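Dock chain B against chain A, hints included.
Same order as they appear, the protein sequences are chains A and B.
Here the first sequence is numbered in this note's numbering, starting from 147 and rising by one per residue.
Here the second sequence is numbered in this note's numbering, starting from 147 and rising by one per residue.
These are calculated hints, taken from the structure and not from any lab test.
Incorrect hints may have been included.
Unchecked claim - Derived contacts from chain B toward chain A, CB cut-off under 10 Å, selection only: (1) ALA171; (2) ARG175; (3) ARG180; (4) PRO182; (5) GLU213; (6) ARG272; (7) PHE277; (8) GLY283; (9) PRO284; (10) SER302; (11) PRO541; (12) ASP548; (13) ALA553; (14) ARG568; (15) GLU600.
As the list claims (entries may be wrong) - Using 30 Å as the maximum straight-line C-alpha spacing, the simulated DSBU-like pairs for lysine-lysine come out as follows: (16) LYS263(A) / LYS281(B); (17) LYS579(B) / LYS263(A); (18) LYS609(B) / LYS628(B); (19) LYS579(A) / LYS628(A); (20) LYS528(B) / LYS609(A); (21) LYS281(A) / LYS263(B); (22) LYS560(A) / LYS263(B); (23) LYS263(A) / LYS609(B); (24) LYS532(B) / LYS560(A); (25) LYS263(A) / LYS528(B); (26) LYS528(B) / LYS367(B); (27) LYS532(B) / LYS263(A); (28) LYS532(A) / LYS560(B); (29) LYS263(B) / LYS577(A); (30) LYS263(B) / LYS583(A).
All figures in this text were calculated on a predicted structure; none of them were measured in a lab.
Don't be surprised by glycine CBs; every beta carbon is placed ideally from N, CA and C.
Protein chains: 2
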Amino acid sequence: MSKPAETAPESALGTPSEAHRGPLARLPRGFADRGPADIAATERMLAAIREVYDLYGFEAVETPFVEYTDALGKFLPDQDRPNEGVFSFQDDDDQWLSLRYDLTAPLARHVAENFDKLPKPYRSYRCGWVFRNEKPGPGRFRQFMQFDADTVGASSVAADAEICMMAADTLERVGIARGDYAVKVNNRKVLDGVMEAVGLDGEDDAGRRLIVLRAIDKLDKVGAEGVAALLGAGRMDPSGDFTKGAGLAAAQIERVLAFTAAGGSDVAATLANLRTVVAGSPRGEEGVSELAEIAALVAAAAYDDGRVVIDPSVVRGLEYYTGPVYEAELTFEVKDEDGRPVRFGSVAGGGRYDGLVSRFRGEPVPATGFSIGVSRLLAALKVLGKVGAEKTVGPVVVLVMDRERAADYQRLVKTLRDAGIRAEMYLGDGKMKPQMKYADRRGGVCVIIQGSDEQARGEVQIKDLVIGATLASAPDREAYLKAQAEAQFAVPEAEMVAAVRKVLARHG
Amino acid sequence: MSKPAETAPESALGTPSEAHRGPLARLPRGFADRGPADIAATERMLAAIREVYDLYGFEAVETPFVEYTDALGKFLPDQDRPNEGVFSFQDDDDQWLSLRYDLTAPLARHVAENFDKLPKPYRSYRCGWVFRNEKPGPGRFRQFMQFDADTVGASSVAADAEICMMAADTLERVGIARGDYAVKVNNRKVLDGVMEAVGLDGEDDAGRRLIVLRAIDKLDKVGAEGVAALLGAGRMDPSGDFTKGAGLAAAQIERVLAFTAAGGSDVAATLANLRTVVAGSPRGEEGVSELAEIAALVAAAAYDDGRVVIDPSVVRGLEYYTGPVYEAELTFEVKDEDGRPVRFGSVAGGGRYDGLVSRFRGEPVPATGFSIGVSRLLAALKVLGKVGAEKTVGPVVVLVMDRERAADYQRLVKTLRDAGIRAEMYLGDGKMKPQMKYADRRGGVCVIIQGSDEQARGEVQIKDLVIGATLASAPDREAYLKAQAEAQFAVPEAEMVAAVRKVLARHG
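Next comes chain A alone, as it looks inside the complex (with noise of 0.2 Å):
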């Protein structure tokens, strides 16, 4: 794989002035800005995820982005190293903490420290920022959102079956269709059948388990055939990088393959194809009675529409995961970067954590949860036209057509302001032009002209920008004469509220 793109050296960075020897502005590698569409899409989408959370019973809880280092533990996929991946300092009392980098280890910690507090199975859900020390590339950043449902103290699949029909629903309300997506599950018991069958289930195996595990999540990119390769010897790719594969003999990669295609044409044949590769591994046929219950519960529930399938295919990166694991996936296509049309994909995702509770308490704390990507499922929305389509008003912007009397500008704003009507006082300098086009800039309608003869009237005049710009393409001098009357006219101070309505609804 090639290296992300690194970010300009800093002297192509920012236009600060020759002579400027001031910090120069720049954003840190990997972190972004948000204006105000951004941001308002974000809300919306969260505000309708929360309605669905607080439907299903989960209740809000929220922690803070430092935690204890220790407390974090070291989960993060891909990462061999101590720390790797994480923001970590040092506090005044040596302790070490570092920035979340999910929603799912703070949860453990808050469970653990308030468990007697808190109900019994304890449905909860947070959304919130977290934090990978990694290196950034194009849409990869190192503070993203994600939406955390998670229920703990709850040992029966039911809970996992719970979520992921809370998943499929929450897409849906969202504005994702029936039939754009799938919420795949599988159990990583199964996995571990898998593992145990071909041999690889003792400690010293640890390394080569990952192995297995990362060369099965990348069959969509690699296929059957890469897969086996990974498994084997190893593979090189086209770009000529080799990676390392498992070393597995042909039987066992065999096995392995048969797991990952052991999808059938409907549920009861998918899972009795899961028996046959798990034939003999006692944690491997539980794994597969839980996903038969999961099944049973998501068919009473009419959500096996292919809203939740079960999918063998589906792997999920992270280790501390111990039973179902599920994904949310886009179903829809999208052009990639070559062109090529290729399956949205994942947005979401989790599964159950039986050990992420229980390893502060020592005693068996069963949980299960699920953490959507903010902005992976806002991009969706945008594909899908469902976001980015709406228009800001900008506020109305009374002109200052004499610095002396901004008083009286003052309190014009005032009085649209009491109306709820979104408006402000030009602020900067210039005469006409630029407080014009500020106005046009910020998106008004329509901007409040008082100069000397209008205020010796008692008047202002209302231009209306939206019609003002049509102006020039008017098809005869009729409609123009027209336009101009409506473009820009002279009332009352005391109607000036009335007419910016009337001027406001004319553009919806």
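Below, chain B alone, put in the same frame as chain A:
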């Protein structure tokens, strides 16, 4: 001042079992979790603030939590050592990164970086968490929320006046009554003029100026006599702690005190007093003129009824202010720790910071802004009884009478949710008692019961937990029987939704 309480030693924290060797579940010092009531109350308050800012023509923009350390600058009050007060860590390219300590410095970076793309003047707002690497204490957190509004690119003090009036509108919009607050305005230039008048305007006097500033800021706490001591040789507080003074001579002290006492019976008197205090300092006189201009704008919009007032006692600790400074104070009284009545005090503040964007660009970029301490304002609303009284209704809990029938109970839950009723199936272990206890703990109004008898009849039992709890106190047998009939009754499954709605309506 006594040291803030340290947290308990590790051994006293958490309740892991004896044999447990895992990490301890504990929040880092100075950080807090937030529960559902707090989150909901905060969200409501933030939405109200957002409404006012929108009305004033401001638009949302957000920056990330992490900035290059040099971009943030060192503007924290009471921090003499470099990077003191800030959480910092090094990136893999050796550049220093910091968690933002306020929302102003990042905004300055954002505006400087996107200068040509933004409309100017640029009105924007943002709400977010900020971080201070300070010793935590009671009510003093290392992560807290601010809600800022700023106008960049407007040199006119009309921008400052607007923000002060917006602050007043905001306080009223969230529930603070007129008369219970004041937005107090002062001007750094007037302070500079005082410094000039007492001969403390040299480059070498920066340290002493800071001591003078802090002395003035303590007027409320230590009185004029205390301030005089802090301006002179120093002051011994009742606990015996000695604070070294600024070492001013008697005449200088008198002049500074005259400044703090410049507040007159009306605006005109205050301004006249201030003119006397800064006489001979052009910068001081400019400051007084700016205050006069703000007062005129405030009067024109009729906010001079105590909502926005000129008050020479306002100082503001941050070093980056260059002109008008303002502080929103709640003037109603609350009891302090010792039961004595004190004013609630400051909940927001801000001022003009003309140098903060400029330092990136090497050209003047005027700016002014205002920051609400979100937790502090929320605490005030709690004191006033404006938040905290809301009751969130817990979910309807469908009890699990027979584990084999989970799919049936799941279906009942689905029916309730489809009708928009917050509902869930009990997911824990245990029979009737723990299930009822759980429903109670969640604040549920009723539970649904379907044992084999009910199932055979196609019915469900609905148990009203609120009436159920009052049964024991029924005055007579007749009342008891009536209440009992309402507290638990059977309906056909098809009528479950209607019956649950009736029970929910009973209890508002």
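Outcome of the hint check:
no., hint, in the structure
1, ALA171, "holds (3 Å)"
2, ARG175, "holds (7 Å)"
3, ARG180, "holds (4 Å)"
4, PRO182, "holds (5 Å)"
5, GLU213, "holds (6 Å)"
6, ARG272, "holds (9 Å)"
7, PHE277, "holds (8 Å)"
8, GLY283, "violated (14 Å)"
9, PRO284, "violated (17 Å)"
10, SER302, "holds (6 Å)"
11, PRO541, "holds (3 Å)"
12, ASP548, "violated (13 Å)"
13, ALA553, "holds (3 Å)"
14, ARG568, "holds (5 Å)"
15, GLU600, "violated (18 Å)"
16, LYS263(A) / LYS281(B), "holds (28 Å)"
17, LYS579(B) / LYS263(A), "holds (18 Å)"
18, LYS609(B) / LYS628(B), "holds (14 Å)"
19, LYS579(A) / LYS628(A), "holds (24 Å)"
20, LYS528(B) / LYS609(A), "violated (46 Å)"
21, LYS281(A) / LYS263(B), "holds (28 Å)"
22, LYS560(A) / LYS263(B), "holds (29 Å)"
23, LYS263(A) / LYS609(B), "holds (25 Å)"
24, LYS532(B) / LYS560(A), "holds (27 Å)"
25, LYS263(A) / LYS528(B), "holds (23 Å)"
26, LYS528(B) / LYS367(B), "holds (24 Å)"
27, LYS532(B) / LYS263(A), "holds (26 Å)"
28, LYS532(A) / LYS560(B), "holds (27 Å)"
29, LYS263(B) / LYS577(A), "holds (21 Å)"
30, LYS263(B) / LYS583(A), "holds (13 Å)"
Comparing the model with each earlier hint shows violations of hints 8, 9, 12, 15, 20; every other hint is respected.
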